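Engineer: Chain by chain, the residues run as shown.
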Amino acid sequence: MTGAETVPGALLTGGAGWAFVVFAVLALGTAVAVVVAKNPIHSALFLLSSFLVVACIFILQSAEFVGAVQILVYGGGIMVLFLFVIMLVHQRTVRETVAFQHQWDIALLFVIAFLLPFLYVLWTERFPPIAPNPDAFRTVRGRIVGNTEAVAWVLYRDYLLPFEVASVFLLVAMIGAVVLGKRSAEKVD
Amino acid sequence: MTITINHFLVVSFLLFSIGLFGVLVRRNFLTVLMSVELMMNAVNLNLIAFSKRLSDLTGQVFSVFVITIAAGEAAIGLALTISLFRQRRTLNVEEASTMQG
Numbered sequence: 001m002t003g004a005e006t007v008p009g010a011l012l013t014g015g016a017g018w019a020f021v022v023f024a025v026l027a028l029g030t031a032v033a034v035v036v037a038k039n040p041i042h043s044a045l046f047l048l049s050s051f052l053v054v055a056c057i058f059i060l061q062s063a064e065f066v067g068a069v070q071i072l073v074y075g076g077g078i079m080v081l082f083l084f085v086i087m088l089v090h091q092r093t094v095r096e097t098v099a100f101q102h103q104w105d106i107a108l109l110f111v112i113a114f115l116l117p118f119l120y121v122l123w124t125e126r127f128p129p130i131a132p133n134p135d136a137f138r139t140v141r142g143r144i145v146g147n148t149e150a151v152a153w154v155l156y157r158d159y160l161l162p163f164e165v166a167s168v169f170l171l172v173a174m175i176g177a178v179v180l181g182k183r184s185a186e187k188v189d
Numbered sequence: 001m002t003i004t005i006n007h008f009l010v011v012s013f014l015l016f017s018i019g020l021f022g023v024l025v026r027r028n029f030l031t032v033l034m035s036v037e038l039m040m041n042a043v044n045l046n047l048i049a050f051s052k053r054l055s056d057l058t059g060q061v062f063s064v065f066v067i068t069i070a071a072g073e074a075a076i077g078l079a080l081t082i083s084l085f086r087q088r089r090t091l092n093v094e095e096a097s098t099m100q101g
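So the sequences go chain by chain: A and B. Residues in the first sequence are numbered consecutively from 1, following this note's numbering. Residues in the second sequence are numbered consecutively from 1, following this note's numbering.
Bear in mind the hints are in silico, worked out from the structure with no lab data behind them. There's no promise every hint is true.
[Claimed, not checked] Keeping only pairs whose Cα atoms sit at most 25 Å apart, straight-line, the calculated DMTMM-like set for lysine to aspartate or glutamate is:
#1 A:K38 x B:E73
#2 A:K38 x B:D56
#3 A:K38 x B:E94
#4 A:K38 x B:E95
#5 A:K182 x B:D56
#6 A:K182 x B:E95
#7 A:K38 x A:E125
[Stated by the list, open to error] Calculated from the model, a selection of chain A residues having no Cβ within reach of chain B, i.e. all distances over 10 Å:
#8 A44
#9 I112
#10 L119
#11 R141
#12 R143
#13 P162
Remember, it's a predicted structure, so these values are computed and weren't measured experimentally. Glycine included, every Cβ here is placed at the ideal spot set by N, Cα and C.
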């Protein structure tokens with residue numbers, strides 16, 4: 001990265017920067033398609049492509065492990081769950097003629113009012129440049145090992161307790177999903 | 001093309017706003033859940049961008065945690081979807097108004 005020194009605070013330069021532009025436009029376009037698509041199956045497939053494009057952005061940002069986890073968990077797990085549920089509920093009830101609520105214009109105004117201060121701040125303010133250290137994402141104790149091992153060292157040493165709490169959270173979520181999805185005996189469809 | 005942290009934040013905020021808009025306006029409960037996932041994804045993008053900027057792995061670790069939370073949230077939300085569909089035979093959130101919400 002020779003251009004990183006010329007522009008202070010640059011995260012990506014050159015071809016990687018253009019790749020980010022392409023991925024960002026794709027991510028935003030597929031996200032809009034998720035929201036406006038009438039058929040939930042189309043929404044789910046657009047959501048899958050949005051996840052994959054965002055995973056590409058992660059990999060550009062030297063977060064290879066998180067990108068892989070994104071593809072595995074979102075693309076492999078959550079999307080399959082969504083598609084299963086879409087197919088479980090009846091097709092006729094899922095497809096609807098009016099997808100939006102009637103007050104969608106007020107919601108759009110609210111979202112724009114939510115967005116504008118952030119965009120204003122980002123347009124006027126510049127974060128102070130910090131010297132980049134690309135080796136920080138793949139170094140463990142001075143040895144260059146790779147992103148996965150570096151993330152594992154941070155995850156299992158500094159954040160071991162949150163990791164265990166996350167496992168308890170997943171257990172609670174699983175029990176909750178089973179209880180909520182259980183067909184109760186007194187309720188007859 | 002030189003990309004700074006501001007570009008990342010703009011993309012992240014736009015993604016978050018699209019998800020927020022979807023949560024607010026969609027009537028299908030499944031699409032509302034998908035919009036929530038979009039918002040989580042935007043947060044992850046933010047975490048990764050600041051992780052790269054600060055040369056600190058903590059952001060990446062926290063995005064793994066956010067992905068975990070998103071998985072649990074999707075499981076609970078989809079179970080709620082099944083439950084709602086069993087009781088009401090619909091996924092329209094406007095018809096689930098027993099509590100006058």
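Engineer: For every hint, state whether the structure bears it out.
Structural biologist: Hint check results:
Only pairs whose Cα atoms come within 25 Å are accepted, and K38 (chain A) paired with E73 (chain B) is accepted, the gap being roughly 23 Å. Distance hint between K38 (chain A) and D56 (chain B) is unfulfilled; the C-alpha atoms sit about 41 Å from each other, more than 25 Å. Proximity of K38 (chain A) to E94 (chain B) is assessed by CA-CA distance (about 16 Å); at most 25 Å being required, the pair is judged to hold. For the given pair, K38 (chain A) sits about 18 Å from E95 (chain B) by alpha-carbon distance, which is consistent with the 25 Å threshold.
Between K182 (chain A) and D56 (chain B), the direct Cα distance comes to roughly 43 Å. Violation of the 25 Å bound is thereby established for this hinted pair. Restraint check for K182 (chain A) and E95 (chain B): satisfied, since their Cα atoms lie roughly 22 Å apart, inside the 25 Å limit. Between K38 (chain A) and E125 (chain A), the direct Cα distance comes to roughly 39 Å. Violation of the 25 Å bound is thereby established for this hinted pair. Consistency note on A44 (chain A): stated as away from chain B, yet its beta-carbon is not over 10 Å from all of that chain's, at 7 Å minimum.
Residue placement check: I112 (chain A) does not keep its beta carbon more than 10 Å from all beta carbons of chain B (closest about 8 Å). Residue-level check failed: L119 (chain A) sits 7 Å from the nearest beta carbon of chain B, not beyond 10 Å. Distance check for R141 (chain A) against chain B: the nearest CB is about 13 Å away, which clears 10 Å, and the non-interface claim stands. At roughly 15 Å, the least C-beta separation between R143 (chain A) and chain B is larger than 10 Å, which holds for a residue marked as non-interface.
Consistency note on P162 (chain A): stated as away from chain B, yet its beta-carbon is not over 10 Å from all of that chain's, at 6 Å minimum.
In terms of the numbered hints stated before, the structure departs from hints 2, 5, 7, 8, 9, 10 and 13, listed from lowest to highest.
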